[in-house]
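Asker: One-letter residues, chain by chain:
4 protein chains.
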Amino acid sequence: MTEALAAPLSDADATIQSMPDASPAKWHLAHTTWFFETFLLRDHLDGYRLHDAAWPFLFNSYYEAEGPRHTRASRGLLSRPTLDEVRDYRARVDAAMDALLDRPELAPLIELGLAHEQQHQELLLTDMKHAFAHNPLGPVYAPGPPGNGAGPRAAGWRDHPGGIVEIGHRGPGFAFDNEGPRHRVLIEPFALADRLVTNREWAQFAEEGGYRAATLWLSDGWTWVQQECRKAPLYWRDGEEFTLGGWRERDPDAPVAHISYYEADAFATWAGARLPTEHEWETMAANEDSSAGNQLDGAGAAHPSGSAGLFGDCWQWTRSAYLPYPRFRPADGAVGEYNGKFMSGQFVLKGASCATPRGHARASYRNFFYPHQRWQFTGLRLAKDL
Amino acid sequence: MTEALAAPLSDADATIQSMPDASPAKWHLAHTTWFFETFLLRDHLDGYRLHDAAWPFLFNSYYEAEGPRHTRASRGLLSRPTLDEVRDYRARVDAAMDALLDRPELAPLIELGLAHEQQHQELLLTDMKHAFAHNPLGPVYAPGPPGNGAGPRAAGWRDHPGGIVEIGHRGPGFAFDNEGPRHRVLIEPFALADRLVTNREWAQFAEEGGYRAATLWLSDGWTWVQQECRKAPLYWRDGEEFTLGGWRERDPDAPVAHISYYEADAFATWAGARLPTEHEWETMAANEDSSAGNQLDGAGAAHPSGSAGLFGDCWQWTRSAYLPYPRFRPADGAVGEYNGKFMSGQFVLKGASCATPRGHARASYRNFFYPHQRWQFTGLRLAKDL
Amino acid sequence: MTEALAAPLSDADATIQSMPDASPAKWHLAHTTWFFETFLLRDHLDGYRLHDAAWPFLFNSYYEAEGPRHTRASRGLLSRPTLDEVRDYRARVDAAMDALLDRPELAPLIELGLAHEQQHQELLLTDMKHAFAHNPLGPVYAPGPPGNGAGPRAAGWRDHPGGIVEIGHRGPGFAFDNEGPRHRVLIEPFALADRLVTNREWAQFAEEGGYRAATLWLSDGWTWVQQECRKAPLYWRDGEEFTLGGWRERDPDAPVAHISYYEADAFATWAGARLPTEHEWETMAANEDSSAGNQLDGAGAAHPSGSAGLFGDCWQWTRSAYLPYPRFRPADGAVGEYNGKFMSGQFVLKGASCATPRGHARASYRNFFYPHQRWQFTGLRLAKDL
Amino acid sequence: MTEALAAPLSDADATIQSMPDASPAKWHLAHTTWFFETFLLRDHLDGYRLHDAAWPFLFNSYYEAEGPRHTRASRGLLSRPTLDEVRDYRARVDAAMDALLDRPELAPLIELGLAHEQQHQELLLTDMKHAFAHNPLGPVYAPGPPGNGAGPRAAGWRDHPGGIVEIGHRGPGFAFDNEGPRHRVLIEPFALADRLVTNREWAQFAEEGGYRAATLWLSDGWTWVQQECRKAPLYWRDGEEFTLGGWRERDPDAPVAHISYYEADAFATWAGARLPTEHEWETMAANEDSSAGNQLDGAGAAHPSGSAGLFGDCWQWTRSAYLPYPRFRPADGAVGEYNGKFMSGQFVLKGASCATPRGHARASYRNFFYPHQRWQFTGLRLAKDL
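Residue numbers (this note's numbering), protein chains in the order written: chain A, 1 to 386; chain B, 1 to 386; chain C, 1 to 386; chain D, 1 to 386.
Careful: at least some of the hints might be erroneous.
Given that identical chains are not distinguished, each listed pair holds provided it fits within a single copy or across any two copies.
Using 25 angstroms as the maximum straight-line C-alpha spacing, the simulated SDA-like pairs for lysine to any residue come out as follows [as the list claims (entries may be wrong)]: (1) Lys-384 <-> Leu-323; (2) Lys-231 <-> Glu-85; (3) Lys-231 <-> Ala-142; (4) Lys-231 <-> Ala-271; (5) Lys-384 <-> His-360; (6) Lys-384 <-> Tyr-325.
The hints are simulated quantities; they were obtained by calculation from the structure and are not laboratory data.
Since this is a predicted model, take the numbers as computed values, not measurements.
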C-alpha cells in the first residue's frame, strides 16, 4: 500500500524535503519499516541482525530513548540510500516479520506499527503535495478525479441536548494510547453543522475583509496573519488551488482545506458561530460509520465535496487543546513517546481526510497539530451553543 | 499604591525594558492611567480633553480597536515622557475621574480599571526584578524580609472524591469575563498536595539529572531545555537566587519560583505525580480565604515559605490550557480584547503570588502564560489520581 | 567637554540604547573614563585602586585582552550606576590623572585616550540622535541653528593628474596606528567634486526610481534595499528630517546625510560617477585646513550647507575597503586592539562631520563603518576618472 | 566535460542542495546551458524558440536584468525537471549553438559562456562534496587518487624587490572583465612562501590554542569562531577529512583546505607572517605556467600535495578586498552583472584548485568569496614584508 503511494515518484521526488515539518517520501518509507525493525524484529526476534547498522540513526524520528538521530531539517539531503535500496529494506523487513506474526503477545505492537504506517501514508501524500507546490512547474503526483460539480448545499444544524457523555475509545479494536482511558464528560447543549465550510464561504470571508479585521482573530493568530502576510488558505492562487493533480480550478462547493487553527477560529467568529470541542464532535460521531466519506482509496485524490457524514474530506479543527485524558498513562518504553510527549501547544482535530487510509479513523481518534500548521488537509465544521 | 511601588525607582530605572515580554515601570504607570483616560474619561465624560494627544499611541498595550500603537519591544526607549511627567498625568486623570465615580452604570468599567491596575502592579514588580537581574551590579529594589527559617515541612495530600462541581465566578463582586459563565464540570477523584514544591525538592530534581533526562519532558519542553541550555529555575546562581532585595542565599524550604510550565510538568513526572487541572484546583480552593497567604503588602517581598492555604507565594501552573468556558462571550467594544483573544497556546495558573495585591485573587481567577515563560512568580503544587 | 554634551540629558536619556550598534550616553561617559583608569592609572600609577572593581566589566568595550565584559546589546539595561555616579567617577579619575600628566613616556597613551574620548563625543551625539528618533514624541536634544538658506550651488570638479603620492600620517602630532606607516601609492588621473551631494540631488535620485532599479546597486546592496524596504536616507519623513533639534523641514541644499555605502555607491552609479578611493581623497586634502568646515563646536548642530573645503558636515564614503597599510603593525598590548582587528568587511570614510570635535580630524584620518550602517553623519562626494 | 562530472550522480544526488550557497548539480547543468540559450541563442539566433518557456525562471542565477527568478534557497526542491530532461536540454542547446559558432562578433560571448561553464564545473564538485558531507553515510563521489606520501617539505621564501608593477590581464586570450583594465601598481619589497600551508602546520595551530586565542583574530573572525564553535577546517573529523572519495585519513603534508579568510588571517598572525595582497601574488605568478599544478583532470580528485608552482591544490586567500580596478567598467547589458556587482564585502583569492579545470586559471584571475565561506578548496600561502 505505501509502496503504491510511492509508485508515481522518482528517486529525486522521493528525496526532497520542502520544510522541516515535512519529510521526504523515501524517509517515510524507511521510517515506518525502521519502526517494525526496531520495536519488533530487534527487540523480539532472536538473532535478528539489522539491515544496516547506520540506518537507525537516519530513520528514527523522535524517539529519545532510541538515542541520537539525524537532524529533522536535513532529511532532504539523503540522496542515499536510494529509493530502490529503501524498497529492498522494506521487502526484507516485511519478510522477516513473518516469523513474528503468530505471536499473540506481539499483536498490539504489530497493530501499532500498522497504524503508524497508515499515518505516514497520509503524511507522505501531504508532504509530497507541499514539495510539488513549491516547484514552479507544479508537477502532478497523480491525475485526480474531477470535482463532482454537485453545486452548493445549504448547511443545517444537528442538535445535541448535552449531559454526561462517554469519551474515549471503548474497544474492541485498536486505538492509540491517547484515546483513553474512556471517561465521562459533562457537556452543554449544542448544535453541530451537518457539513464542512466550503471554498465559496471562505472566499466570501476573505472578500469581506476577514484577513484584515484584527478583532476577529486570536492575538497569536493576528500576529501570524501579519507576519506571514496571510490572505487565503494554503495552495490558493487566484481561482485555482494546488492539488495532487497539479493546479486546478477551485470547486466553490468543495470543503475548504489547508487552513490553520487561527483561520478556522477567525472564520467561526466571523460567521457568528464557534468551533466544536473534541467532546462535542466525538459524541456526535459515536454512531457513525467512520469508514464512510471521502477518504483515501489508492489515489490520494483531491477532495470533491459530498461526504454526507462527519468523516472524510478534511480533518476538522476543534477548540480543544491536545491534553491528556484523566488517568492517561503513556505506554512503557520507547513507544511511550508516541503521543504523550506532544501534549502541549497543539489542538485536536477530528474526523479523517481525503488522504487518510480508509479504516484508519474512528470517533475517538485524536489528531493534533500546532495552530499555525496547514499543510495537512485541515478544514472546519461550525458549532454553536443551544 | 502603584506610585508607592514605583517610589524606590529612579527615572532611569523606570525607563528600561529587559525583554519584549516585560515593560518599563514608567510604562505600567502610564498605561493603567491610559486605561482610565480612554475607556472612562474619553468615552464617558463630556468635554474631556486628552492630557496629551500623542500619548495614547505610546500607552495602548494591545487594543486593536484603539488603533495603531508603539512597538512593544521599543517601550524601553521612552526616556520621555519623564517619570515625573507620568506622575503628573496620573494625578490629573485621577482628579478627573472624580466626576465619574458616582455614575452607577460606569461602576463595572471602573472596577475593571482597578483590577487592571492591580495586575500591572504585579507586572511592575516582576518586570523590575527581571531588569535588575540583568544588571551585573544586581541592584536592590527594596530590602526584603528575611526568610522565616521555618525548616522543611513534609507534604501531605488532600483528597477529593470527584463528581460534578461548579466552576467559574458566582459573585457577588468583581470578576474578569474569562471566569464565566459559571458551569458544571465532571471531575474524577484526585488528591492535591497541601503545599508547594520547594527549592530543596527542586535542587534534588536538578541534581539527579532532571534537566538531562529527555523522557521526563514534553517534546516542546525538551527542545526548550536544549536550545536555552536550561539547568535551573530563572534567577538561580549557585546557592543564591536573585530577589527584589538583590542576590540572596536561597532558602531551601521556600517554594520554588520562576519555573516554566515545561519544568513544572517534567518535575511532576519525575515525582510520579502530575499537575492539577484548573477545575481540580478551583474546587479545592472554593472555600478558602483567597486573601490569606503570602501576598503583596506594600513591599513586593521575596517569598518566605509558609502560606498555609492555596493562595500566596507563587502562581501555580495547571495542566489546563487557557480556553473559553462554555458560552463564554467577550464583552463588547475594545475591552472585549482584554482576555478572550489570548485563548490559544497558553496554560492556566491558579492562586496568587507574593507580588499579587492582597484582595486581587479569588478561586475562579484564571491567570495565563505561555509554557516557556518564567519571569513571573510561577511555581507548582502536585496532584495525583485517586 | 564630554560632560557638556551630556548636559541636556536626563538620567533616563543617558541610559537608553536604541540598537546594539549604539551605546547609551552614560556608557560613553563611563567607557572613556575606564580607558584612562585602565591603561593609565591602573597600569602606571603605583597604588592606584579601582574606583569600583565591578565597573571594568561594565565599561570595557571590546578589549579581549582585558577579559570578559558585559554584553554589548545589554548596555541599555544599566539604570545603575546613575548618571551622577558616573560623573563622580569621571571627576575622580580626572583628578587622579594629574599625577601622570608630567610623565613624558605616557604622553602617547594620554593622547590616545584624549583622541578616544573625542571619538566617543561624536558617538554620543549620533547614538542619542538615533535613540530620540525612535521615540514617537521626537525629543529635542538641543535647538539647532537654522539652515543657512544659501540656496543651491552648482558642483564643480577639481582635477588631479595622478602619479606617485604619499599616503598616511607624516607627523608631527597625534595619529592613530591605522594611519601609518606613511607610504607611496600610484594613482591615476581623476577629479573630485568640490562639494558634497545634497538633499535636493538625493531626492531626485529617489524620485527617479533609484531605490527600485536593481542594476544600479551592488548585489549586497540590493539585498539590503529589499530586505529593509529602503526608500530614503535614515531620518527622512516626507519633507522633514530628524535632527538633534527634533523634526525639521529638510533643507534641499544641505548635504545629504545618514546614507549607507550601498546607497552612496548606487547614487554615484546613477550619477555617472563613482566614489573616490581613500588615496584620492587624502591626496586632495593634504594641504587643506582640517579644522575648517562645519564641525562640532559645542552644540552638535544639524548640518547647514556651506563647508567650502573637504572637511565638515559629513563623513564621506570612499570605495576603499578598510585594510592595513603596508608594514602596518598594531601596537603591543590591549590598545593594539584599537584599530587593527576591525580590518575586514568595512569601508573607509574620510573627512569630518558636524559632530566631529574640531581639531580631531586630519587628512590621513581613516574612519570606518560597515556598508549597511548609516546612523553616523555619512554622506558622499563624487569622483570620476580623467 | 560537465556531463562527465555528473556521470557518477543519480537523479536524486543531482537534485539536493545542502545550503543556500550551494546549488544542485542538476541546476549547474541547466544554468550553464541557460546562459548559452539566453545570451546567445535567444538574443542572436533568428527564430530560436526556447526549449521550455518556464525554465528560464528556474535557471537564471542572479541576473536582475533577466527578470524575476526562483528563490536561490529553494533550488533543492526541483525534483523536476529530471536529470535526463536536463541532459536533453543541454544536447539540444549544444546542437543549436552550431549555427552561431562561425559568427566572429559572438566569439567573446561564447568564450564567456565557456569560461562560465568551467566555473560551474568547479562549483558542481564543491557543492556535491558539501552535500555528501552532510549525509551521515558519507557517500563517495569518485574514488580519489591516493595521497602521494611525499612527506614534509620545508617552506622557503621567494623575495621580490618591490617597485612599480603591471597588474591585470594583458592578453591575448580570454579574461573576465574584472581582470582589467591593466594598470600600474606600486608595491613594497616582500617575500612569498614557496608552498602552501599544510595540514600538519594547521593541526599545530589548532593544538596550540589557535581557535581559542582571541587576540589572533580579526574582530569579525572572532565573532564567527565563537558563534559557530569553530575548532578546525571544514571537513575535518579526528584524524580524517571528508573528500570526494569519502572519509579518508588526513595526509599531514597535503595543503590545508576549506578554511575561511578569518582562519587564514589568524593562522598567518600566529605564524608571524601575513597574507599576500593580490598584487604581490599576481606579480610573482606572472611568468608561471598557470596550467601546471594539481588541477582538475576529469576526476575532481582530492588534493595530494605536490604542486611546485603557485597554481593548483587550493585557491589562496589574499588580504585584498575584491574591488574594482581603476577605470573598471562592467560590460553593457545583463552580462555586465557577471562580476562588478559583487564588489563589496568579499576577498580576492588567487591561483587555482584541484577542482579547477586545467586551463581555466591565469595570473590575473580574481576569484572572490565572503570571508566566512569555506566550502570551496580554499587554502593559504604566507607572505611577509622585506
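Asker: None of the hints should be skipped; say for each whether it holds.
Answerer: Okay, the hints, checked on the actual structure:
1. Lys-384 <-> Leu-323: both (23 angstroms within a copy, 16 angstroms between copies)
2. Lys-231 <-> Glu-85: neither (42 angstroms within a copy, 36 angstroms between copies)
3. Lys-231 <-> Ala-142: For Lys-231 and Ala-142, neither the intra-copy (28 angstroms) nor the inter-copy (46 angstroms) Cα distance is at most 25 angstroms.
4. Lys-231 <-> Ala-271: within (17 angstroms within a copy, 41 angstroms between copies)
5. Lys-384 <-> His-360: Cα proximity of Lys-384 and His-360: none, with 28 angstroms in one copy and 33 angstroms across.
6. Lys-384 <-> Tyr-325: both (24 angstroms within a copy, 13 angstroms between copies)
Checked against the numbered hints given earlier, this structure breaks hints 2, 3, 5; the rest are met.
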